[in-house]
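Undergrad: So the sequence lines, in the order shown, correspond to chains A and B.
All residue numbers for the first sequence refer to the numbering used here, where the first residue is 3 and numbers rise by one.
All residue numbers for the second sequence refer to the numbering used here, where the first residue is 3 and numbers rise by one.
Keep in mind the hints are simulated off the structure, nothing from the lab.
The reader is advised that the hints may include incorrect statements.
Said to hold, decoys possible - Some chain B residues close to chain A (C-beta under 8 Å, calculated; not the full set): (1) Leu186; (2) Lys213; (3) Gln216; (4) Leu247; (5) Ile251; (6) Lys253.
Stated by the list, open to error - Pairs of lysine to any residue residues, derived as SDA-like cross-links and limited to a Cα-Cα distance of at most 25 Å, are as follows: (7) Lys233(A) <-> Ser96(B); (8) Lys190(A) <-> Ile154(B); (9) Lys197(B) <-> Lys233(A); (10) Lys197(B) <-> Lys190(A).
As the structure is a computational prediction, the values presented were derived from the model and not from experiment.
From the three backbone atoms N, C-alpha and C, an ideal C-beta is built for every residue, glycine too.
Number of protein chains: 2
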Amino acid sequence: MDNKKIHISIFGGGNVATHLIKAFLKQPSIQLQQVYNRHIDKIKSFTHQTEITDNLKDIRPADIFILALTDDAIAGFSKKLSTFDTLTVHTSGSTNINALQTQRKGVFYPFQTFSKDKEVDFRQIPILVEAQNQDDLQILKNLAQKLSAHVIVADSNQRKALHVAGVFAANFVNHLYLQAAKILEENKLDFDLLKPLIMEVAHKIEQLHPKTAQTGPAIRNDQKTIEMHLKFLKNPEQKELYRILTQSIQKTYSHE
Amino acid sequence: MDNKKIHISIFGGGNVATHLIKAFLKQPSIQLQQVYNRHIDKIKSFTHQTEITDNLKDIRPADIFILALTDDAIAGFSKKLSTFDTLTVHTSGSTNINALQTQRKGVFYPFQTFSKDKEVDFRQIPILVEAQNQDDLQILKNLAQKLSAHVIVADSNQRKALHVAGVFAANFVNHLYLQAAKILEENKLDFDLLKPLIMEVAHKIEQLHPKTAQTGPAIRNDQKTIEMHLKFLKNPEQKELYRILTQSIQKTYSHE
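Only chain A is shown next, with the shape it has when bound in the complex:
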């Protein structure tokens, strides 16, 4: 065992696990010791690069166990590792550190949407770490800094805040893209027409706070255009979203 390397074992075979495995395999200072998954098929592609297993009895102590599991599975699965004194972390945004039933607990939360087939650049992805004492925190910071340029120490509440904020900025935003796409398609226009605008709006907040970046009929209190848009929209779902988001924008800026 090469003592200079950080020895990691990963538990899980989903998107987060897969991306972490790939990232760790590229790091010469990290030894990916074992990968465990209940269904061996999902991790079989790593056979020649690391030791894979579907049997918990094979698991040996390491510097860090990473549980890249669904939120609901974390507590129950961690119990099975309670005999180890290996620092054990989960990778969940919305799960408290105390959900872990292991002796040493921590969190290693890479904040990004992972798709199985899309490569990610870990240097750009913020990683939030949490631990129960300074020594373990230092171990996690060391590991995170090998992958990312943006390592943040955050408690469970802050991690939850980032997760909720991500739902607004990613899932809800994507849902609005979908409404826009539907409106265009119903009117025989290509969704491609919107792409330059979408990129412009995303780029804008690199320089401007979204509070300052707002434009459009709602912030201008252009009631005539708002009424015309509401009349134009036939889909009750879209009508309601338009009304509520317009009201919310108007409320935000009416106090100024």
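Mind docking chain B on chain A? Use the hints.
TA: Only chain B this time, still in chain A's reference frame:
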């Protein structure tokens, strides 16, 4: 008068007017004949590059008059040009072509949010054109193609659809960015943390339709996380937006 050049006069001094003036001045095949604005101060910076005026009596016929005015001003102002048989266009997304009171009417709608201080690349901006006959339409297509690689012939209804879609994909999206920023700031986290995710979500729809790109607790029907997020959000405004957008996502995918 050089007959090979398209002769344009622009009326207006706002963001759209300013960006069009700058773009036309760069085109050797376009002659920017005159720029009119009620307040001469707003167009004074173009003194050495074109003829500027605040007096309608100075206006001479051209190939195209471009009225880059607010929606409400279009009809009234166009009346003052009714003696000209110059093809006259407005630049509005949500105004019917028939709002114009001129002899020859058209629309020249560059689809983008313009900020005064930010340069735009017109080649990437879709321009929607409309006219009352094929000859005038051809004149507008010629002009639009000199600026943009994406020229689309669209009627007033399609233009309105694109404008409404833009409100969803730009103004409402930016409002969700703002909610995310507020949630982070209240929890002493930097808004910068979200920027890689925001760019990733915007880039994703270049390859995937937003219908396919959706992720998160709502589409997974992860009721436990949704409840936890709603409990976490203290601001009633954010609570309502979270609830309604989550419901809307769930409705969208429940029929499958």
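Undergrad: State for each hint whether it applies.
TA: Do the hints match the structure? See the list:
1. Leu186: holds (5 Å)
2. Lys213: Since the shortest Cβ distance to chain A is 6 Å, the answer is holds.
3. Gln216: With Cβ-Cβ at 5 Å, under 8 Å, it holds.
4. Leu247: Leu247(B) check passes; min Cβ-Cβ to chain A is 5 Å, inside 8 Å.
5. Ile251: holds (5 Å)
6. Lys253: With a closest approach of 7 Å, the Lys253(B) hint holds.
7. Lys233(A) <-> Ser96(B): holds (12 Å)
8. Lys190(A) <-> Ile154(B): Holds, because 12 Å separates the two Cα atoms, which is no more than 25 Å.
9. Lys197(B) <-> Lys233(A): Given pair Lys197(B), Lys233(A) is violated - Cα atoms ~35 Å apart, limit 25 Å.
10. Lys197(B) <-> Lys190(A): violated (33 Å)
Consistency with the previously given hints fails for numbers 9, 10, ordered from lowest to highest.
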